[in-house]
Amino acid sequence: MVRLTDLPEWEREHLLAKGREAPRFASRPWVRGPALGKRRVAIVTTSGVHRRGDRPFSMIPDTEYRVIPGDTSADMLVMSHVSVNFDRSGFHEDVNVVFPIDRLKELAAAGAIGSVADFHYAFMGAAWPPTRFETKARELAVLLKKDRVDAVLLTPV
Amino acid sequence: MGALGHYLEEEGVATTQISLVREHTELIQPPRALWVPFMLGRPFGAPNAPDFQHKVLAAALRLLEAESGPVLRDFPEDAPRANEPFDMEGFACPVNLRRAQPDRDGRMDVTQALLDEVAQLLPWHDLAVKRRGRSAVGISGIAIEEAARYVASHLAGAAAPSYDKESSAAEALKRACDDLHAYYCEAVAAQPGNSAGDEIQIWFWRQTAAGRLFLDLQGMCRASPDKSMQLLGRSLLVPRAVTEGAS
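First to last, the sequence lines map onto chains A and B.
Once you know that position 81 of the first sequence is 81 in this note's numbering, the rest is easy, because the numbers rise by one and skip nothing.
Once you know that position 138 of the second sequence is 1138 in this note's numbering, the rest is easy, because the numbers rise by one and skip nothing.
What the hints contain is simulated information worked out from the structure, not anything from laboratory work.
By construction, the Cβ of each residue, glycine as well, lies at the ideal position given by its N, Cα and C atoms.
Don't take each hint at face value.
Cross-link-like lysine-lysine pairs, in silico, PhoX-like; alpha carbons within 25 Å at most [unchecked claim]:
#, chain 1, residue 1, chain 2, residue 2
1, A, K18, B, K1227
2, A, K105, A, K145
3, A, K105, B, K1227
4, B, K1165, A, K105
5, A, K38, A, K145
6, A, K105, A, K146
7, B, K1055, A, K38
8, A, K105, A, K18
9, A, K146, A, K136
10, B, K1165, B, K1227
11, A, K145, A, K18
Just some of the chain B residues that point at chain A, by a computed CB distance under 7 Å [stated by the list, open to error]:
#, residue
12, A1014
13, M1220
14, S1224
Over 12 Å on every C-beta distance to chain B, these chain A residues come out as not near it, computed from the model [to be verified]:
#, residue
15, V67
16, P69
17, G70
18, D71
19, D118
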């Protein structure tokens, strides 16, 4: 996004207020892994996308996630994020501008990454502060490891 | 987003992420982040631009090869299409929807006005679906005409029974509104020269019966005794760019 200093005052203030509640962590975890060409990659998004027919995200933001199987086609994905304050026209045109599943598969086919995970995950990032996601994130880590994932691409909206 | 990266990494899973708000990422300091200068809603820059999306994706994944962190890099390119901030001025959309006329007593039938617009946009929405092979409409699970009737009924003085017994009235209304908004945006984007997201928003909020109806709904929700309706009216129906940007 443009930097906060370039935004109108009302938008800048809104984001600055959110920033004041952002967590500061004491530790700096750092996990090493194999070369990119051997990594198994999953997408975890906070964009509120899910398969058509899945339960939409709640208007009262929670920290539940939706599962997106790796073989889900783009035409099956919809977005029920409750915010009205971001562009959706890009997503309407092309899922990959938010959830780059086709691009990831192309990288795997070209050998630039090892493989694409069997399962991806979507939250709705409206819950704030983000420390609310701790329990679900740790739960997800177990599932990702079972899927032999050793690299997660985190994408906001 | 940054906190998710922190927790996953603590559990032993390596992460890399896209950052849209650099200032937040600077505070949270997740293990690896690529800040991108794109508009909110487009973390990979631009739709239907696979080469550019690949550049962004590759830059994010390359951070996994850094020796130590936290790492916060800036992506050096703007998205292919200019993404100016949402601006309500200077927009002239070629779409001219036929305006509903008030009756002899000067009253406007909001339901009919909305249904008229939905019908006028139908061939364009059909074209959009055919071209794209998909539609983002469908959160509510009901047909678009039913969504229109349901939304309009709240302003017509007799809110229709919810189509979804498992959700609150506010959630059902929100999803029907979101479907209508997506339907309008997809339809008008299929018309010649109407691909810019911000221009479509200006058209929706300034020139359609649906936009006017949503603004009226916002007022109605704010005055509702129902707390969920109040929340809907406060922040989940009309963008800040419309309420704040116009003031």
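**Prompt:** Hint by hint, which ones does this structure get wrong, listed from lowest number up?
**Reply:** 3, 4, 8, 11, 13 and 14
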